[in-house]
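Visitor: Listed in order, the protein sequences are those of chains A and B.
The numbering of the first sequence is the working numbering, which starts it at 1 and goes up by one.
The numbering of the second sequence is the working numbering, which starts it at 417 and goes up by one.
For the record, the hints were derived by calculation from the structure and aren't laboratory data.
Predicted model only: the values in this text are computed from it and were never measured.
Cβ coordinates follow ideal geometry from the N, Cα and C atoms, glycine included.
Please note: incorrect hints may appear among the correct ones.
[Claimed, not checked] Partner residues are not named here, just some residues of chain B that face chain A (Cβ under 8 Å, in silico):
#: 1; residue: V501
#: 2; residue: R505
#: 3; residue: T511
#: 4; residue: A553
#: 5; residue: D557
#: 6; residue: G617
#: 7; residue: G618
#: 8; residue: A894
#: 9; residue: C948
#: 10; residue: E952
#: 11; residue: N953
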Amino acid sequence: MSAAGRTVEHITCLGCGCACDDICVVVQHDRIGEARNACALGAAWFGDGSITQDVRVHGRTASLEQALDEAARILRAAQRPLVYLAVDLSCEAQREAVALADRLGAMLDGVSSGAAAGILAAQRRGRAGATLGEIRQRADVIVFWGTDPAERYPRFTSRYAVEPRGLQTPEGRSSRTVIAVDVGAKRGPRDAAARVAVAPGDEIDALGVMRATVQSRRATEDERFQSAVELARRMSAGRYVALVADGEPGAAPADGDVAEALVTLAQALNAPTRCALVVLRGGGNRSGAEAVLTWQTGFPFAVDFAPGYPSYRPRPGAIGLLAVGELDAALVIGSPASLPEPMATGLAPLVTVAIGPRVSAASFKPAVAVDTGVAGIHEGGTAFRMDDVPLPLRPVLTGPPTAAGTLRSLRERLGA
Amino acid sequence: MSAPSQLRISGGTVYDPANGVDGEVRDVCIEGERIVAELPSNVPRLDARGMIVMPGGVDIHAHIAGSSVNQGRRLLPEQHATDPVPAPRLADGATARSGTAGTIPSTFTTGYRYAGLGYTTVMEAAVAPLAARHAHAELDDTPIIDAGCFVLLGNDEYLLRQLAAGELARARQYVAWLLGATRAYAIKVVNPGGIARWKSGGTERDVRGIDDPVGSSSVTPRKILEVLAGVANTLELPHPVHIHCNNLGQPGNVATTLQTMQALAGQRAHFTHLQFHSYGGERGKGWKSAARDVIEHVNAHPEISADVGQVMFGPATTLTADAPVEHLLYASTGRKWVNVDIELETGCGIVPYAYRQQAAVAALQWAVGLELFLLARDPWRVVLSTDHPNGGSFLSYPQLIRLLMDRTYRDEQLKRVNQKLLAGSALLDGLAREYTLSEIAIVTRAGPARLLGLKSKGHLGAGADADVTIYKDHPDRAQMFATPRHVIKGGTIVVEEGQLRRAPPGRRLAVRPEYDAAVTKDLKRFFQDYACVSFENYGAEPVS
């Protein structure tokens, strides 16, 4: 059996927010030999499943008990602790993390703060959206707004948006019109049937002109926007339009106004036709963290428990508080590789407890480090696709202690 | 193992209508998690003299957990910011959780506040099968209350296909399978066929009546309703099909509501938030009350039941699978709006809202709900709800109880509301009825429990769950019902002297009908062809 290996089916990949759950993992000699159906990004995320299993206190190898005792001591002594949620955590671990933050009166934030502009825009205006499968079933016009999912969301077009056949798109791609909007250097898919170029400085205005066109208002005669006007007419004539943009930092409009303009355009398109805005989100169960925080606290990220209840502090967020020296200790949970640069550097001077995959090698040198497994590879539980569809995680390998279990033990030590 | 804890609630005035007890001074005995007939005289006592003792409240229809509710929460940071809730201080140093409230409270706060209101059982009334795992995760974080989920059916592609193909037996098997797979308690139908139309694009954005075709000429809302009502009854589910009719909130929708009731004549069926479906008038031409027509039909048909879905003045959040309705509300109010089309199954629409006394339509809706309550002849079949948070928060139930029990108060309120659309409302004829405490006990616990088929809920007979609420008698019934003195859940005293002191986890209420496994073969083929999740990952069961 070990030579041929065993296969585990219906595995959910958290390599990106697509959360493809059709992965078949072949395990040989307690290593992942192959992740069938996975894209290159997914294959890299699974790797061979090997993982460090260190427990360290102040740089020295320690027992789990010693590490948790020291972690509890550090967090109890902290005046202004931060609990930070990185990626590769199950919802079960995230739930434990919020409980800890509540108990500690901590600032609770995570990688979602990188997507703040889009999240806040949706809180101001709402959203006209759909789960990804509905794009597959319905969308006859798909507009990629300054994004090509090929690199960061490799199976998005083959699994959800473009290629697959659906109820109202029996011919797959041939049943749809794919339009790329190139916003400066942020280009849409190369193989789109049509392209529209928008200068980055014109992005907001172009979206405004499009919304006006959809609402049959005349916005401008300016030549610069004629292609946007035509695009809006084309979208209005679709039966079901998908507007796809990237919500993650680097790709997302860092500008909340652009995010809001995308939301309101999609909403307006639901008068003449149907439209869903798809905001692409990264992997490691980011969406799960936002869902868990929302149901436990009422806010999706940047929750400060210092007043004794959840209060919303999206600005400054954890990075802003670190910058002004307000925080004196941190509990970092999840894969440290996902930390944004200002967070990793901001943590360096703090006394830090880290619990998550490969935290013993974290650049910010945690005082206490407990390596755990990766949710979806070594840990079971639940994760959310980028569109908030919940999926089960099936561990394919046994590994170090689970993040959820380790956090529960820490919580018990803190009397939470 | 230690002996089960024993408690005698002594000397209270007991309202236990399911057992024919109407305001009698008597003791209620609890052993472990159950009510027992008698206990030795030396067991611990809870002195309830001068107090009113009822079974724990049972909410037959609310939206408290799951994907749509959480979308709503995410949309309301301004409400949560202004309504923070510190963690309650529990007995014995036990840890409780902080949260936020507003019209959609966070999960822990939801559990605490329901318990604080004397409610111990709540039904989450709209769970998309695809997101059932999410709903159960939230309920795991909703303490104290026992909860069940109604699973959304009637716009789902697989079911509609079976109906189009005349495969009724397979449709039945599918529903039976789905109830178990999603750990659900009952079948919920929302705007049958209408959401499917909304999602398919094109010019037809909703159905207008129960005979409109949906995709196939042989599939209509009528057909969907007949089949699902039949399935619930054939499977002998504890609760019949739970129906949100077509044309919610539209003037003139009384015709659709009555046609729907007639279509299911002779079958057990529950019609939810009936208030939103009892309007006369005509689209584009105005509104009036049609409560009398609807409630007379209900009164005359013992096989059907309803909850009212009362509108209460103040903030609300409209939140429903009935996405086309929410688009209309968005278009007419310009408020912020969420729509989520849920693949192959259903929809979700959300618009935050406020019902104002001065607004003509809100005043009409308020009046229609009260008419339904006051003209209902059988309180066992017409029970209390606000369709939380759609018609108002569950925290407004005490205010609603006062409206039902106190005519003077009600008439004062009536004078303050916009009168423009009230012509023809029975309320203006001076409905004198005042609900008795026993009737309140029926519409808030005994009735919902009976309609849900929860044999151990809603009463205080031997063998019942020890869910008990004890109120201090007070002439202001709103105050009395808002602040129970003691609440006991499953034998644990959760509210003591008006303070939340314990927060044990609640239980999940679910059914698991038998089904023919052949249906899963066909389902797997359908999943292969259309779904974007693996069949093996679908539903809400733990995976190995």
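Visitor: Compare the structure with each hint and give your call.
Guide: The hints, checked one at a time:
1. V501: Holds: closest Cβ of chain A sits about 6 Å from V501(B), inside 8 Å.
2. R505: With a minimum Cβ separation of about 11 Å from chain A (threshold 8 Å), the hint on R505(B) is violated.
3. T511: holds, 5 Å
4. A553: Nearest chain A Cβ about 6 Å off; hint holds.
5. D557: This hint holds: D557(B) lies near chain A, its Cβ roughly 6 Å from the closest one there, short of 8 Å.
6. G617: Hint on G617(B): holds, closest Cβ of chain A at ~4 Å, below 8 Å.
7. G618: With a closest approach of 6 Å, the G618(B) hint holds.
8. A894: violated, 26 Å
9. C948: Given a least distance of 4 Å, the restraint on C948(B) holds.
10. E952: Hint on E952(B): holds, closest Cβ of chain A at ~4 Å, below 8 Å.
11. N953: holds, 5 Å
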